Amino acid sequence: MPIKFPFSRRAAPSDAWTKCPSCDAQVFNRQLERSLRVCPSCGHHFRMSVGERIDLLLDANTFEERDAGLEAVDRLGFHDDKPYPHRLEASRLKTGLRDAVVWGIGAVDGQRVAIGIFDFRFMGGSMGAVVGEKLARCLETALVERIPAIIVSASGGARMQEGTLSLMQLAKTTAPLVRLDDSGVPFIAILTDPTTGGVLASFASLGDVILAEPKALIGFAGARVASDTVGEELPEGFQTAEFLLAHGFVDAVVPRAELRATLSRLLRLLPVAVAADERDDDERAWSPIGALSGLAERFGGAVSETIGIDVDSAAERNGGPRTADPAPAATTTPEDRA
Amino acid sequence: MTDQLLGSAAAPPTEAAAEEAWRRVQLARHPQRPRTLDLVALMFEGFFELHGDRVYGDDAAIVGGPALLDGRAVMVIGHQKGTDTDSNIHRNFGSPHPEGFRKAQRLMRLADKLGLPIITFLDTAGAFPGPAAEERGQAEAIASSIKLMTGIQVPIIVVVLGEGGSGGALAIGVGDVVIALENSVYSVISPEGASSILWRSKDEARTAAAAMRMTAHDQADLGVVDVVVPEPGDGAHTDAAATASALKTAILTALRGLAGRDTPELLATRYARIRGMGAYLETGAGPSRPAELPSLRRRIGRILRLPSVPRRPRWSEIWPSDDGDDESERGA
Numbered sequence: 054m055p056i057k058f059p060f061s062r063r064a065a066p067s068d069a070w071t072k073c074p075s076c077d078a079q080v081f082n083r084q085l086e087r088s089l090r091v092c093p094s095c096g097h098h099f100r101m102s103v104g105e106r107i108d109l110l111l112d113a114n115t116f117e118e119r120d121a122g123l124e125a126v127d128r129l130g131f132h133d134d135k136p137y138p139h140r141l142e143a144s145r146l147k148t149g150l151r152d153a154v155v156w157g158i159g160a161v162d163g164q165r166v167a168i169g170i171f172d173f174r175f176m177g178g179s180m181g182a183v184v185g186e187k188l189a190r191c192l193e194t195a196l197v198e199r200i201p202a203i204i205v206s207a208s209g210g211a212r213m214q215e216g217t218l219s220l221m222q223l224a225k226t227t228a229p230l231v232r233l234d235d236s237g238v239p240f241i242a243i244l245t246d247p248t249t250g251g252v253l254a255s256f257a258s259l260g261d262v263i264l265a266e267p268k269a270l271i272g273f274a275g276a277r278v279a280s281d282t283v284g285e286e287l288p289e290g291f292q293t294a295e296f297l298l299a300h301g302f303v304d305a306v307v308p309r310a311e312l313r314a315t316l317s318r319l320l321r322l323l324p325v326a327v328a329a330d331e332r333d334d335d336e337r338a339w340s341p342i343g344a345l346s347g348l349a350e351r352f353g354g355a356v357s358e359t360i361g362i363d364v365d366s367a368a369e370r371n372g373g374p375r376t377a378d379p380a381p382a383a384t385t386t387p388e389d390r391a
Numbered sequence: 514m515t516d517q518l519l520g521s522a523a524a525p526p527t528e529a530a531a532e533e534a535w536r537r538v539q540l541a542r543h544p545q546r547p548r549t550l551d552l553v554a555l556m557f558e559g560f561f562e563l564h565g566d567r568v569y570g571d572d573a574a575i576v577g578g579p580a581l582l583d584g585r586a587v588m589v590i591g592h593q594k595g596t597d598t599d600s601n602i603h604r605n606f607g608s609p610h611p612e613g614f615r616k617a618q619r620l621m622r623l624a625d626k627l628g629l630p631i632i633t634f635l636d637t638a639g640a641f642p643g644p645a646a647e648e649r650g651q652a653e654a655i656a657s658s659i660k661l662m663t664g665i666q667v668p669i670i671v672v673v674l675g676e677g678g679s680g681g682a683l684a685i686g687v688g689d690v691v692i693a694l695e696n697s698v699y700s701v702i703s704p705e706g707a708s709s710i711l712w713r714s715k716d717e718a719r720t721a722a723a724a725m726r727m728t729a730h731d732q733a734d735l736g737v738v739d740v741v742v743p744e745p746g747d748g749a750h751t752d753a754a755a756t757a758s759a760l761k762t763a764i765l766t767a768l769r770g771l772a773g774r775d776t777p778e779l780l781a782t783r784y785a786r787i788r789g790m791g792a793y794l795e796t797g798a799g800p801s802r803p804a805e806l807p808s809l810r811r812r813i814g815r816i817l818r819l820p821s822v823p824r825r826p827r828w829s830e831i832w833p834s835d836d837g838d839d840e841s842e843r844g845a
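Protein chains in written order, with the numbering used here: chain A, 54 to 391; chain B, 514 to 845.
Calculated from the structure, these hints are not laboratory results.
A few of these clues could be false.
[Stated by the list, open to error] If you want the footprint, here are the derived chain A segments under chain B, 3+ residues with CB under 8 Å:
1) 89-96
2) 238-245
[Stated by the list, open to error] Below, a list of computed lysine to aspartate or glutamate pairs in the DMTMM-like style, where the Cα atoms sit at most 25 Å apart:
3) B:K715 with B:D734
4) B:K715 with A:D261
5) A:K135 with B:E532
6) A:K135 with B:D747
7) A:K147 with B:D747
8) A:K268 with B:D835
9) A:K135 with B:D835
Note that the structure is a prediction, hence the values are computed from the model and not measured.
Heads up, the beta-carbon is just placed ideally off N, CA and C, and yes, glycines get one too.
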């Protein structure tokens, strides 16, 4: 499926103004671009595209995109008022992206990281199988290369058009985090407006450090669902970054202008642990952490050892009459890329 | 397959499909459908319910504790709906708050410590979406439950009893074998929720139920469910004892199948099962590179060495922001 990049479109037409939804000020688009898409008069943080995030957070000329070719498949034959493939195509044309996440390797002040970034403009940043797969590969690559993992979220949640398969992406993006814990590789979650539903209910809530942008909408249930459920008005500032900070679910609310410096500082303060095989033998024998790392090494330190498991034969041993069918024949299963 | 890729297979569900899906949804929600505690009493001996998350409180929407299954100690955890108005209020209609998931985590850690296999029962419309749940970290509670289950070192059997409602179900639904009762349903969002968000109408819940393919057999086709257990008569509510007996057989079979695995194999297979969920296409498309953008202005600018043209374009030029954000697309 060819992707048409919007080659002719300019990042911010110089003749256009944008009205700030927070203070109603008319902001000159070029000024908005220069101010990192933060309203100069009230500090409202506008949403950023994935390209702007890369420029904001990573050193120039360091980002290398990975797994760019992954594309969604309409496994359910889903149709609401239009077919799911049509929605995908519309989002592709609108954004120049293949799905709602771009991941790759880059550097923050010279420190190599694996980073996955959501773009809310692609179907509301919703998480389907492609988003889940890209983020899982991002985390697994961080594990193998022993570099910190970063995920910048902007998502309404799971992609309903993929049914429970999108729900299962919560597990797919969360499972690698156990391995990062076992291997001493840090994971930093950066929550931007909005981060809700299944994305918040998975990796986004599980960062070793969780940063959020000011006033970002962050919550489990949509505010409307929540207010319908309780039948009353919600408190002021409910489900904002500041609300989560006050309730202990976010480490810091960081204005966009300071985000890159903050990230860089954290990466220096939270280095990847020394690999178990590089540790002194005595230390490994005596320290509980060393022993645990040894276990981790055995159980799943290397992705390549475990990814090639034959699911079918495993299910057969289960005694189950049905075997898991992880993907249609024409799509790629993890085994194919091992 | 090609049809799926091109989207020509995507058509609105037929009226017959909608009726059938909705019939299952109604059975899954049937007021007399046996609940977790009913089935636990019929399947296990000596169930001892444990209470409290040791942090905040006890949530009656999730129950759990050790029990004996054919003489062998296991840990049982499940959503618990009520049977009448009073008990439903007490159980919050089976919709847990964070403390419910944290109690479940506590019991899973205990099972892990003692080597007890875990058996979970899913029967919830979803995690409770109220402000109190948000304040206490509903999303974190679900996320950390999922994470814990992916790494726990004992076998986990998941049984979908009635409604498998989104994250609130998955929070105790990650396992090695997923068994579903024939008339249970599993979905990323309730059909009513999907109707109001995707169809912008309150009246399309039946259509949404069919479109999301939420019945047990559909879920088995998708690989989310491994084993579908038939229900007696017109549904589980007509014969709880027969339902319990069929489920018990399926659970014992699944446990026997897992018995030969050592811990690394158990964890690796569970990881592979989770990693394999969802379909995608691996096209050969290469990575995007802003430098290769064939912009005429840029090429001429470079040749003429115009100062306004940077040597290398920025990523924001290939993936810029739109003028206006489209809020119409939502997730669950």
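Taking the hints in turn, this is what the structure says about them:
1. 89-96: violated (count 1)
2. 238-245: That given contact is violated, which follows from only 0 residues of the region 238-245 of chain A lying within Cβ reach (below 8 Å) of chain B.
3. B:K715 with B:D734: The hint is violated at about 28 Å.
4. B:K715 with A:D261: The given pair, whose Cα atoms are some 41 Å apart, is violated under the 25 Å limit.
5. A:K135 with B:E532: holds (21 Å)
6. A:K135 with B:D747: violated (36 Å)
7. A:K147 with B:D747: The hint is violated at about 49 Å.
8. A:K268 with B:D835: Distance of about 21 Å is within 25 Å: holds.
9. A:K135 with B:D835: holds (23 Å)
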